[in-house]
Structure formats: C-alpha cells, structure tokens
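2 protein chains.
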Amino acid sequence: MKKREYPLGKVYGLLEPGPVVLLTTQKAGTPNVMAQSWHMMLDFEPALVACVVSNRNYSFAALRETKQCVINIPTAKLAREVVSCGNVSGRHVNKFKKFGLTPIAGEVVDVPMIAECYANLECRVVDTRMVRRYGVFVLHVVRAWVDSETKWARTLHHQGKGEFMVAGRRLKLPSKKK
Amino acid sequence: MKKREYPLGKVYGLLEPGPVVLLTTQKAGTPNVMAQSWHMMLDFEPALVACVVSNRNYSFAALRETKQCVINIPTAKLAREVVSCGNVSGRHVNKFKKFGLTPIAGEVVDVPMIAECYANLECRVVDTRMVRRYGVFVLHVVRAWVDSETKWARTLHHQGKGEFMVAGRRLKLPSKKK
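Note that the protein sequences, when read in sequence, are chains L and H.
When the letters of the first sequence are read in order and numbered with numbering that gives the first Met the number 0, they come out as residues 0 to 177.
When the letters of the second sequence are read in order and numbered with numbering that gives the first Met the number 0, they come out as residues 0 to 177.
Honestly, the hints are just simulated from the structure, not real lab data.
The reader is advised that the hints may include incorrect statements.
Stated by the list, open to error - Looking from chain L toward chain H, a few residues come up when the C-beta cut is under 7 Å (computed):
id, residue
1, ALA27
2, GLY28
3, SER36
4, TRP37
5, PHE43
6, GLY85
7, HIS91
8, VAL92
9, TYR133
10, GLY159
11, GLY167
12, PRO173
13, SER174
14, LYS176
Only a predicted model underlies this, so the values are computations on that prediction, with no experimental measurement involved.
Just so it is clear, CB atoms sit at the ideal spot from N, CA and C, and this is done for glycine as well.
All chains should be built: construct the whole structure from the sequences, respecting the hints.
Set out below in structure tokens:
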C-alpha cells in the first residue's frame, strides 16, 4: 500500500462514519493493538477525537503514560485480525506478531502504525480530564496517512459480539454542511 | 412502523456502528431536529452516550435547559430529510412540519420522537461538565424503541458534505467481546 499524507482538515470524514479502528500504542518498546469503536470527532481543525479506553484495557497505561497513539482504520479484508485483536489481551501476546500485522514507524509519534490499514492517524493525547470518570481520552491528530489507491474503503462497523456491517453503496446529496 | 421496547443493555449495538442520527429536542413547546454524527457510547449499562452539540446549534439551548432529548436513528429512506435537517436552522423553521416528519410523544421525556426513524432513544442529560470546552453532553438512554419489522437497518453514515455510505452486507465472526 502506498500511503500519502492526508490533510488534517479532512480527517473527520474518515472517522465520522463510525468505522471500527485499531488503536496502536507503545510502552517501553512493547507495542499493542486494540480494537475500538467508541470514538467520535470533537473538532474539525485542529482535528480532535474523543475515544474511550477503559483502565481494564492493556492499552490504558501506555496511552496515559506516553500520551501517544495511532488510530489505524482497517477495511473488511482485515475483519479476522480485528476480531482476533479484540479477543486477546496485549498483556499476553504481541498482537503485531501473532496476527501478522506489519508495523511501520510513525513520523511524529513513537508508536507503530499498521501497514495493512488503509488509513493511519498519528495522535497525541491532549486532555485526560475525562479519563477517570469515563475513560475518555482527547486526541489531537497531528499527522494523517491514507492509501492512495483505496478510492472507496470497505470499512467495518461493529454491531456487537463480532457482528459487523460492511460499508455499502454511496449516496451524495446537496449539502451546505461540512 | 410498529415499535417495540428495546432492552437498554443492547442499545450500544445501535450506535456503535456510527450511524448519522436525528437529535430531537423541545423547548417551550417548540420542537427541533438536528442531524448529528458526532456521538459515541460511553458505557453499556447504564447506556451512556456522549454527543457533541455546539453552542452555534439551535438545539444547544433546549438541550442545556430541558436536559432531555431523543436520539432518532434513520435509515437510507430518510436520506433527503437528514440532509434537509442539516441544511436549515430550527431558529427559522419547524423541521417536523417542513420535512414531513411525524412526531410521537416520548414516554419518559417531554420531547417528540420521529415516527419515521427505525429506532428512538429517549435520553436525559446527566453530565454537562464537558459542554463548555467541547460541546459534549453525556446522555443516559432511559427508554429505547425499535421497529419490530426492520431486521437489517440500512443506516446512513456521513462522510462529510452530504456524502453518505449506506450500511452494506453483514459479517459475523466468533468473538468473546460484547
């Protein structure tokens, strides 16, 4: 996959449809991958994203301590890997190795991105005030990469218990909004 | 449409895939409808949802003052109405009347639900601490209704500027997770 840098002001269009994402973190040289659907945009530019990572998740400590992560957006081709990442904890396995995911170094953050995902958003944690109550981290997307050849990403949308909807047909209507 | 009450512990499965929703509010007898994609689950049970309503939105005052709203989930049949609701402000028009939406009284909250939407989630605002900084309201879903005949909802997922993805095929993989 050939990734090109993607304008930060357009990142909302990648996350607003609600795809499941793979959140990568790294602590003391140990990377981790977490499947995640509880995220939303907070602002267009700066591109701010809220996401829930519970203190029961192994990624929690890495996120809180390093204040860095990458939001990787998979397509349906990676459905098996997404579910596998959700089924085991990074406490016990290196999910990159176990599920054959290829790490590529982030340009801005010290966190591996997943090569097989069609989009990668390098993020810094900029607000942790909602962490204790809700597990909500506020992320600032500082660099974005998108596969130049994916014109229409068949993203995965989790409906619970391993059941997904795959992105279907497109619809375009005249709108005055972003 | 015949709606049945839906278990609150299953509500996450309706919002987790990231559909655009129509948020209804009512202030001093005047209802309003707002198209909304910036929402995420915060907890399974109680079913807590975070959503962004900016103080530039006409719904903002109603939400803050009445602390009630309904999250209505439309399918692709309502695409035109969704975009229309996003294109005008409730300051100037009654969107229910203008776009032919049928109000049904909420059972718990004093806010009309949209009959044409396949799911309706009656909500109370339970936390406004993130409103000033991010426009984030925390909602507690207190009653949920789903059309008994919609087996597979063709929800709309906004990608920006009136471009939507329509929910496509289903995929089910063995998962240990909710």
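Verification of the supplied hints:
The interface hint given for ALA27/L is violated, since its Cβ lies 27 Å from the closest Cβ of chain H, which is over the 7 Å cut-off. The criterion of a C-beta within 7 Å of any C-beta in chain H is not met by GLY28/L, whose closest approach is roughly 27 Å, and the hint is violated. Because the smallest distance between the Cβ of SER36/L and any Cβ of chain H comes to about 5 Å, under 7 Å, the interface hint for this residue holds. A cut of 7 Å between beta carbons decides the hint on TRP37/L: the least distance to chain H is about 5 Å, and the hint holds.
Below 7 Å, beta-carbon pairs count as interface contacts, and PHE43/L has none with chain H, the closest being about 9 Å; its hint is therefore violated. The criterion of a C-beta within 7 Å of any C-beta in chain H is met by GLY85/L, whose closest approach is roughly 5 Å, and the hint holds. Checking HIS91/L against chain H by beta carbon gives a least distance of about 14 Å; that is not within 7 Å, so the hint is violated. Of the supplied interface hints, the one on VAL92/L is violated, with its beta-carbon coming no nearer than about 14 Å to a beta-carbon of chain H, more than 7 Å.
Interface restraint check for TYR133/L: the shortest CB-CB distance to chain H comes to about 5 Å, inside 7 Å, so the restraint holds. Of the supplied interface hints, the one on GLY159/L holds, with its beta-carbon coming within about 4 Å of a beta-carbon of chain H, less than 7 Å. Taking 7 Å as the C-beta cut-off, the interface hint given for GLY167/L holds, the closest approach to chain H being about 2 Å. This hint holds: PRO173/L has a C-beta 6 Å from the nearest C-beta of chain H, less than the 7 Å allowed.
Given hint, SER174/L at the interface with chain H, holds; its Cβ is 3 Å from that chain's nearest Cβ, closer than 7 Å. A distance limit of 7 Å between C-beta atoms decides the matter here; for LYS176/L the minimum to chain H is near 5 Å, and the interface restraint holds.
Checked against the numbered hints given earlier, the structure breaks hints 1, 2, 5, 7 and 8 and satisfies all the rest.
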